[in-house]
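Student: Chain by chain, the residues:
There are 2 protein chains.
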Amino acid sequence: MHVEIWSDISCPWCYVGKARFEKALTLFRHRDHVEVTHRSFELDPQLAHTGPTTGAAHAKKYDLTPAEARAAEENLAGIAREEGLDYLVDFRDHGNTFDLHRLLQLSAARGLHDELLTLFYQGNFAAERSIYDSEHQVEIAVRAGLDEAEIRAVLADRRAYADEVRRDEAEAAQLGITGVPFFVIDRKYGVSGAQSVEAFSEVLRRAWAERQPVLTVLGTDDRAGCDAHGCETPRGWSTGEPRTPGI
Amino acid sequence: MHVEIWSDISCPWCYVGKARFEKALTLFRHRDHVEVTHRSFELDPQLAHTGPTTGAAHAKKYDLTPAEARAAEENLAGIAREEGLDYLVDFRDHGNTFDLHRLLQLSAARGLHDELLTLFYQGNFAAERSIYDSEHQVEIAVRAGLDEAEIRAVLADRRAYADEVRRDEAEAAQLGITGVPFFVIDRKYGVSGAQSVEAFSEVLRRAWAERQPVLTVLGTDDRAGCDAHGCETPRGWSTGEPRTPGI
Numbered sequence: 000m001h002v003e004i005w006s007d008i009s010c011p012w013c014y015v016g017k018a019r020f021e022k023a024l025t026l027f028r029h030r031d032h033v034e035v036t037h038r039s040f041e042l043d044p045q046l047a048h049t050g051p052t053t054g055a056a057h058a059k060k061y062d063l064t065p066a067e068a069r070a071a072e073e074n075l076a077g078i079a080r081e082e083g084l085d086y087l088v089d090f091r092d093h094g095n096t097f098d099l100h101r102l103l104q105l106s107a108a109r110g111l112h113d114e115l116l117t118l119f120y121q122g123n124f125a126a127e128r129s130i131y132d133s134e135h136q137v138e139i140a141v142r143a144g145l146d147e148a149e150i151r152a153v154l155a156d157r158r159a160y161a162d163e164v165r166r167d168e169a170e171a172a173q174l175g176i177t178g179v180p181f182f183v184i185d186r187k188y189g190v191s192g193a194q195s196v197e198a199f200s201e202v203l204r205r206a207w208a209e210r211q212p213v214l215t216v217l218g219t220d221d222r223a224g225c226d227a228h229g230c231e232t233p234r235g236w237s238t239g240e241p242r243t244p245g246i
Numbered sequence: 000m001h002v003e004i005w006s007d008i009s010c011p012w013c014y015v016g017k018a019r020f021e022k023a024l025t026l027f028r029h030r031d032h033v034e035v036t037h038r039s040f041e042l043d044p045q046l047a048h049t050g051p052t053t054g055a056a057h058a059k060k061y062d063l064t065p066a067e068a069r070a071a072e073e074n075l076a077g078i079a080r081e082e083g084l085d086y087l088v089d090f091r092d093h094g095n096t097f098d099l100h101r102l103l104q105l106s107a108a109r110g111l112h113d114e115l116l117t118l119f120y121q122g123n124f125a126a127e128r129s130i131y132d133s134e135h136q137v138e139i140a141v142r143a144g145l146d147e148a149e150i151r152a153v154l155a156d157r158r159a160y161a162d163e164v165r166r167d168e169a170e171a172a173q174l175g176i177t178g179v180p181f182f183v184i185d186r187k188y189g190v191s192g193a194q195s196v197e198a199f200s201e202v203l204r205r206a207w208a209e210r211q212p213v214l215t216v217l218g219t220d221d222r223a224g225c226d227a228h229g230c231e232t233p234r235g236w237s238t239g240e241p242r243t244p245g246i
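Protein chains in written order, with numbering that gives the first Met the number 0: chain V, 0 to 246; chain S, 0 to 246.
These are computed hints drawn from the structure, not numbers from a lab. Where a beta carbon is used, it is the ideal one built from N, C-alpha and C, also for glycine. The reader is advised that the hints may include incorrect statements.
Claimed, not checked - A few chain V residues facing chain S, derived, Cβ under 8 Å:
| no. | residue |
| --- | --- |
| 1 | His1 |
| 2 | His32 |
| 3 | Phe97 |
| 4 | Gly110 |
| 5 | Glu114 |
| 6 | Thr177 |
| 7 | Arg186 |
| 8 | Val202 |
| 9 | Ala208 |
| 10 | Arg210 |
Please work from the sequences and hints to get the whole structure.
Tutor: Here's what the structure looks like:
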């Protein structure tokens, strides 16, 4: 089963949702048959780095008093901590996540995607330092296991892994995804938001039960393959090119 | 779209099929939306390393004269060369591929799966040296970009990445796959054997056209997510745990 998760580093519900989904996955008996792919999604591609204004920005955006905005953040921090996640209400910057996503795509190419994603979330929500500071990004990516020279080369070239980010975002648009976190199972079910562990468990069970159990197999009559008994029809090798199956 | 390819290093049709599939993929206009995962399949898990007996083994297995067996190999070499692949009729050993698959699983974890698979095929079909020689395996894996100490540690411990190989093989059994190469598209279509480039192209087009375009989205009424306008309902944060969707 293939689960794709679109998310953005600046999204607190993505941070929470990842932890809840992973709990559900740990409890899922077919977990060894589930492959997870993380996908890029920028909540605000136009955003410039605006500094440590989260509280003020929230207050303005939602027409809250600063005290109300802080209370909302405190509440979200409580929800995150219930999932065992560190969460600092202060110290969080707001900024453009494109470079973070490019580095995540590099980490995917190096088999370190989950490691880097986890550390980037921690770097944004639980560190007293801005995640938009590129030296902070380098430090975190090295900690995830990436090569420092390669990290710096990617950061220095805005085109590096940009196509991969755009491709994920184009796929999200194609699937009608406008917010994150968004979970897609076998391109059949979508789950929007940081649902509860129970809800994720239920979706996993349901998708598993409804997996198409039988493949439509094309091209069996002229296999050009090998099995436990050997390679198909050695005399057939003399016939050259295998026939195109009737599809 | 997700394409999974089950194959074994000792399988000449897998070598040919990989090249043909990749040609079809290069020609496919939606190729940027196709993800390929290689899966382990041992044609003969019980096999011991039996030395350079390919020709004799073939002759015996298919009740051919040595001349006929050689002619069959020459023919297959011709088919491989048509795909631009190097292929030596002599110098090929026959043996157990479990270690090769474990190293391939390591390479998958390091984002180097395709690199190593390509080099292992070349090492088996186009090198004047046995692929079952572990020093040859180390050299090839280093060339693919893996860390030498890590390669040697995996080779020294037969349990390393063994579960990953067995998981792929269990999935193959579940899908009814008994021979390789076997191509599975979105767990919906299966293609058996090294079909022609045209046949692969047709399957890719057909699977693309029939992709389920609309997701069944669960849990939209209480999203606990973020979108371009911000994170859902800051006042909602005060409500604590988001509701379990009605699934």
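Student: Going back to the hint list, which numbers does this structure go against?
Tutor: 3, 5 and 9
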